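Protein chains in written order, with the working numbering: chain H, 452 to 722; chain Y, 72 to 341.
No lab work stands behind these hints: they were computed from the structure. From a predicted model like this one, the values you see are computed outputs, not experimental measurements. The reader is advised that the hints may include incorrect statements.
Far from chain H by the CB rule (all over 10 Å, computed), these chain Y residues [to be verified]: (1) Tyr81; (2) Tyr97; (3) Trp136; (4) Leu174; (5) Arg177; (6) Ile188; (7) Glu237; (8) Ala255; (9) Gln311.
Chain H regions said to be covered by chain Y (calculated; three or more residues, Cβ under 8 Å) [as the list claims (entries may be wrong)]: (10) 533–544; (11) 573–581.
Here are the simulated distance ranges between beta carbons [stated by the list, open to error]: (12) Ala487(H) x Trp99(Y): 56 to 62 Å; (13) Ser647(H) x Gln259(Y): 50 to 56 Å; (14) Leu709(H) x Ala78(Y): 50 to 56 Å.
Idealized CB from N, CA, C, for every residue including glycine.
Spelled out, the chains give:
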Amino acid sequence: MSAPQSHTASAPPRWNRLRMIETPALRYGLLILGVAYIVWSVGVLDINWHRISTGIPRAGNMFSRMVPPDFSRWSLLVKGVLESVQMALAASFFGMLLAIPLGLCGAGNLVPRPVYLVARIIIILSRTFHEIIIAIFFVKIFGFGPLAGVLTLIVASTSFISKMIAEDIENMTPGQLEAIRATGASFPKLLIYCISPNTLPRFLGVSIYRLDANIRHSTVVGIVGAGGIGQVLAATFSRYDYDFSLAILIAIVSLVFLGEFFSSWVRGYLR
Amino acid sequence: MTVAEHAAKYPEIWRRFSPRMTLIRYAWYLGIVAVAVWSISNLDLPWFYFLDAHTQALDLAERMWPPDLEFWQTLANPLLETIHIATLGTIFTFVIAFPIAFLAARNTTFNSATWFIGRLILVTSRSVNTVVWGLFFVAIFGPGPLAGIWAIAFRSIGFMGKLVAEAIEEIDEGVSEAIEATGASRLQVLVYGILPQVLPVIYGTAVYRWDINIRESTVLGFVGAGGIGILLYSSINQFQWREVSLILLSVFGVVLVSEFVSALVRQRIS
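Can you build the whole structure from these sequences, using the hints too?
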């Protein structure tokens, strides 16, 4: 019983709540640094306060022109949405296919070092750049239209899915790999009987998630001319055609919502 | 027993799947391929563009090399602006997403109506891409970094709010009950019972989102919402490909560093 007593004796009389950062100096230091950063960065940024002060009435004006949403050009809307969905579907399919070899090459425990490094560099490079930057390049090479959009989404999905595959294979217990190898299995048999049962469920889950992400991204690559509903949306904004913009935004939100619902339903079913 | 005898005695061959399962599996494959083929054929893609794609790509690569290093002076400020947009946007998100997350978590919301409102805000925020929010805020505030900051914030609210709300729903109820039992008010339960449990998640998500936001803010300039994107867009439109390659290199560097920093901080937090 001596331990609790000595504890009581040495404990401070007041209880202090637990903090994320225990040292007060560091805690307040970080806070002050944060505030200083905000002051500095807002000062550096080239913000036109006059233009912003006129923004609030502008926003009111914009909203009044947005409501009610104009669905009268629904055929254009449906065409754009359908194009976006088809872009997402096609890109997810090819992304899934291309991700398998790239993911296998990116797994350090399967392939020789140089192959691994090359695959990882490809994955990192294509993940770093935002879809829209990639889209611009494809638009330059393949011209305006959905082809550039599909290719962009393929690049994005391939790098995303292959990273997941590579990590999954690297996290596999080495025993299973060794057991199958010990039976004298060739590399293709190793793939079919050891790696695919281990990674397939998550691969399918990630691919379905990617389909949902592709639907979201397919709605914006159009802003740089790569097809889909985004192209229509950007055009309505530049024509101040706000009531149609709102109709498109509502369509996008419900499309994304449906995609998310479908994706979580399928992933629940896979589990 | 030789192999032949063995085969005669045990004629069944081991298979992973029963015939029915195999059939179902192939039906799925067929369905997926059919959907892909339908999409591709309906998109009406101009396949002949592939014929000269490699020459176009090579031509582009040739014009991009070497990067125009002189351009560095023009580049530095917009690059810094990009980082500011992402950081300030994340700070705004932090402030706004906080109350909304408590509204959208079942165990801290007031009633089902407020819960529904919280969820609705989060879903709407997440469904609209940063660049689309950018279009919107440029129309309101005019072109410039402020539109970018709001675009980043509005997209991130949904992301952070959703993850934080999930963390709040998964807290240990015993702690908040114990604090309630001492006669604490609702606010005190929140501050002393719930907050300490979710703070690591909140900080972790914020840092994670910051790193995504850096990437997103590099393209906000395409719709006029400030940052390096404006410069990239104008260099592309003027066919200054050597400037473009320097911009891309610097974007690559910034994104890599931010990803590294974010991973480091998250490791320290958890």
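The hints, checked one at a time:
A cut-off of 10 Å between C-beta atoms confirms that Tyr81(Y) is not in contact with chain H; the least separation is 18 Å. Interface exclusion of Tyr97(Y) from chain H stands, the closest Cβ pair being 15 Å apart, more than 10 Å. Every CB of chain H is more than 10 Å from the CB of Trp136(Y) (nearest about 15 Å), matching its label as outside the interface. Distance to chain H confirms Leu174(Y) as a non-interface residue, since its nearest Cβ pair spans about 19 Å, more than 10 Å.
Separation of Arg177(Y) from chain H is adequate, the least Cβ-Cβ distance of about 18 Å exceeding the 10 Å criterion. Remark: the non-interface label on Ile188(Y) is consistent with the geometry, its nearest Cβ contact in chain H lying 16 Å away (cut-off 10 Å). Against chain H, the non-interface label of Glu237(Y) holds: every CB pair exceeds 10 Å, the least being about 13 Å. Even its closest Cβ contact with chain H, about 12 Å, leaves Ala255(Y) beyond 10 Å, as expected for a residue assigned away from the interface.
Interface exclusion of Gln311(Y) from chain H stands, the closest Cβ pair being 13 Å apart, more than 10 Å. Look at the stretch 533–544 of chain H against chain Y: 8 of its residues bring a Cβ nearer than 8 Å to a Cβ of that chain, three or more, so the hint holds. With 5 residues bearing a CB less than 8 Å from a CB of chain Y, the stretch 573–581 of chain H meets the requirement of three and the coverage assertion stands. Our hint of 56 to 62 Å for Ala487(H) and Trp99(Y) holds, since their Cβ atoms are close to 57 Å apart.
Our hint of 50 to 56 Å for Ser647(H) and Gln259(Y) holds, since their Cβ atoms are close to 54 Å apart. For the pair Leu709(H) and Ala78(Y), the supplied restraint of 50 to 56 Å holds, since their beta-carbon distance comes to about 53 Å.
Comparing the model with each earlier hint shows no violations; every hint is respected.
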